[in-house]
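Chemist: Dock chain to chain to rebuild the complex, using the hints, since each chain is given by itself in its own frame.
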Amino acid sequence: DAGVIQSPRHEVTEMGQEVTLRCKPISGHDYLFWYRQTMMRGLELLIYFNNNVPIDDSGMPEDRFSAKMPNASFSTLKIQPSEPRDSAVYFCASSPTRTGELFFGEGSRLTVL
Amino acid sequence: QKEVEQNSGPLSVPEGAIASLNCTYSDRGSQSFFWYRQYSGKSPELIMFIYSNGDKEDGRFTAQLNKASQYVSLLIRDSQPSDSATYLCAVYNFNKFYFGSGTKLNVKP
Numbered sequence: 002d003a004g005v006i007q008s009p010r011h012e013v014t015e016m017g018q019e020v021t022l023r024c025k026p027i028s029g030h031d032y033l034f035w036y037r038q039t040m041m042r043g044l045e046l047l048i049y050f051n052n053n054v055p056i057d058d059s060g061m062p063e064d065r066f067s068a069k070m071p072n073a074s075f076s077t078l079k080i081q082p083s084e085p086r087d088s089a090v091y092f093c094a095s096s097p098t099r100t101g102e103l104f105f106g107e108g109s110r111l112t113v114l
Numbered sequence: 031q032k033e034v035e036q037n038s039g040p041l042s043v044p045e046g047a048i049a050s051l052n053c054t055y056s057d058r059g060s061q062s063f064f065w066y067r068q069y070s071g072k073s074p075e076l077i078m079f080i081y082s083n084g085d086k087e088d089g090r091f092t093a094q095l096n097k098a099s100q101y102v103s104l105l106i107r108d109s110q111p112s113d114s115a116t117y118l119c120a121v122y123n124f125n126k127f128y129f130g131s132g133t134k135l136n137v138k139p
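Here the protein sequences come in this chain order: E and H.
According to the numbering used here, the stretch in the first sequence is residues 2 to 114, in order.
According to the numbering used here, the stretch in the second sequence is residues 31 to 139, in order.
Excised from the complex, chain H in its bound form (with noise of 0.2 Å):
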C-alpha cells in the first residue's frame, strides 16, 4: 500500500467551476499535509498545508483534513485556465514528506 494515494485523472472541469482535489493517506500519525502544483516540465512548487483537522482557506484555495478518515482535499474556486496542471498530495510522517503521484487538472476555457 503506498503511503500516499491520489486519483492520476484527468480531473477536467469548466472554467469558473470548482475543482476538488481529493488525496488519502495510509498512517494514521502522518503529522502535517501539503499541497504542491507542478507546470508541465516545472518544479512542483507549494500552494497549501494544513496540520489540523477542518478546513484553511487561501484565497480561491482550500484545503480539508480529516484524519479520521485520513483523508485531505483541495478545493479550488472559480477555476481558471491557469491552474491547469498536476497537483500533488504530501504528507509528512516520521521525518519524510511523501509525495502521491499527483492528479492532472484541466481547465476548459
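Next up, chain E with everything else stripped away, as it sits in the complex (with noise of 0.2 Å):
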C-alpha cells in the first residue's frame, strides 16, 4: 500500500494568497483526519471526516480555513487568504476506525511570507 499521500511537499507562498493541500487517504480508511503541527501548539487537530461527511470541524482556527472531501480518495484543505500565522507543518492522517491507530502523510510544510 502506498500510504497516505499528500501534496505539496513544500509551499512558499506570499500573504494573501489561496493555498490548497492535498491528500489522498489510505484505500479502504473511512476516517480522515487534518492536523497542524507547530512548535508553539505541537499538533492540532483541525478536522475529521468520516465516509467523506465533516464530523467535527471545531479546530479549523478562523473562516478563512476549509476542507472538502468530495470521495473516498481525496480530500482539501484551503486557506484563503493565507497569513504569516498559517504558516506550520500540516499533515493528513487516515484511519480505518474510529478508535484506532492513525497512520500519517508525510506532511506538507507551509510558508507564508
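None of these hints come from the bench; they were simulated from the model.
Given the structure is predicted, the values throughout are model-derived calculations rather than measurements.
Misleading hints may appear alongside valid ones.
Said to hold, decoys possible - Calculated cross-link-like contacts (lysine to aspartate or glutamate; reagent style EDC-like; alpha-carbon spacing at most 20 Å):
hint	chain 1	residue 1	chain 2	residue 2
1	H	K32	E	D31
2	H	K32	H	E45
3	H	K72	E	E15
4	H	K126	E	E45
5	H	K97	H	D57
6	E	K25	E	D64
7	H	K126	E	E12
8	H	K126	E	E19
9	H	K126	E	E15
10	H	K134	E	E45
11	H	K32	E	E45
12	H	K72	E	D31
13	E	K79	E	E102
14	E	K25	H	D113
15	H	K72	E	E102
16	E	K79	E	E19
17	H	K86	H	E75
18	E	K25	E	E63
19	H	K86	E	E45
20	H	K72	E	D58
Modeler: What follows is the structure, given as C-alpha cells:
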C-alpha cells in the first residue's frame, strides 16, 4: 500500500494568496483527519471526516480555512487568504476505525511570507 | 489546562540504558492511549497503544497505564541511538485524539 499521500510537500507563498493542500488517504480507511503542527502549539486537530462527511471542524481556526472531501480517495484543505501565522506543517492522516491507529502522510510544510 | 501534558525534554540517556517517558491527561473518561514516535522532519508513527490499566510489552517497548492517577508512560529498554526522536503521547476521548507536545529523547552512543 502506498500510504497516505500529501501534496505539495513544500509550499512557499505570500500573504493573501490562496493555498490548497491535498491528501489521498489509504484505500479502505473511512476516517480522514487534518492536523497542523507548530513548535508552539504542537499537533492540533483541525477537522476530521467519516465516510467523506465532516464530523468535527471545531479545530478549524478561522473562516479562512475550509476542507472538503468530495470522494473517498481525495481531500483538500484550503486557506484563503493565507497569513504568516498559518506557517506550519499540515498533516493528513487516515484510519480504518474511529479509535484506531492514525496513519500519517509525510506532511505539507507551508511558509507564508 | 491542556488535555495531555508531557515534559518537552530533552531527555538524554546513554546507549543501552532504559528511557522512561511520561504523560498525564486531564479527562478521566479518556478511553485509549497511544505513543507515537516522530523523527525530525518526518511524520508521527504509532509504536504502542494501551487500553487497560497495567503494562503492555512489545519488544523493547513497554507502555504503562494508571487510570486512577491519569498517567501513561513508555519505557524503552536497551535504548539505541536510532531511538532518538520526539515521542508524542495521544489520548482518545469523545471522538477526538488529543496529542501532547512531545518529549525529545536523545540516546548517546
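Chemist: It remains to establish, for every hint, whether it holds in the given structure.
Modeler: Structure-based check of all given hints:
For the proposed pair K32/H and D31/E, the alpha carbon gap of about 28 Å is over 20 Å, so the pair is violated. Taking the CA atoms of K32/H and E45/H, the gap is near 32 Å; set against the 20 Å cutoff, the hint is violated. Of the pairs offered as hints, the one joining K72/H and E15/E is violated, with about 25 Å between alpha carbons and a cut-off of 20 Å exceeded. Distance hint between K126/H and E45/E is fulfilled; the C-alpha atoms sit about 11 Å from each other, no more than 20 Å.
A threshold of 20 Å between alpha carbons decides the hint, and for K97/H with D57/H the separation of about 10 Å falls inside it, so the pair holds. Of the supplied pair hints, the one linking K25/E and D64/E is violated, its CA atoms being roughly 24 Å apart against a limit of 20 Å. The suggested pairing of K126/H with E12/E is violated, with an alpha-carbon distance near 28 Å, which exceeds 20 Å. Among the hinted pairs, K126/H with E19/E is inconsistent with the structure: their alpha-carbon atoms are about 28 Å apart, more than 20 Å.
With a C-alpha separation of about 33 Å, the suggested pair K126/H and E15/E falls outside the 20 Å cut-off, and the hint is violated. Restraint check for K134/H and E45/E: satisfied, since their Cα atoms lie roughly 18 Å apart, inside the 20 Å limit. The straight-line distance between the Cα atoms of K32/H and E45/E is roughly 12 Å, inside the 20 Å bound, and the hint therefore holds. As the CA atoms of K72/H and D31/E are separated by approximately 24 Å, the hinted pair breaks the 20 Å bound.
The hinted pair formed by K79/E and E102/E fails the criterion: a straight-line CA distance of about 25 Å is larger than 20 Å. For the proposed pair K25/E and D113/H, the alpha carbon gap of about 29 Å is over 20 Å, so the pair is violated. Under the criterion of a C-alpha separation no larger than 20 Å, the hint pairing K72/H with E102/E is consistent with the structure, at around 17 Å. As the CA atoms of K79/E and E19/E are separated by approximately 7 Å, the hinted pair is consistent with the 20 Å bound.
In summary, the hint linking K86/H to E75/H is supported, as the alpha carbons are separated by about 18 Å, within the 20 Å threshold. Under the criterion of a C-alpha separation no larger than 20 Å, the hint pairing K25/E with E63/E is inconsistent with the structure, at around 24 Å. With a C-alpha separation of about 27 Å, the suggested pair K86/H and E45/E falls outside the 20 Å cut-off, and the hint is violated. A threshold of 20 Å between alpha carbons decides the hint, and for K72/H with D58/E the separation of about 25 Å lies outside it, so the pair is violated.
Figure legend: structure checked against the earlier numbered hints; hints not met, in rising order: 1, 2, 3, 6, 7, 8, 9, 12, 13, 14, 18, 19 and 20.
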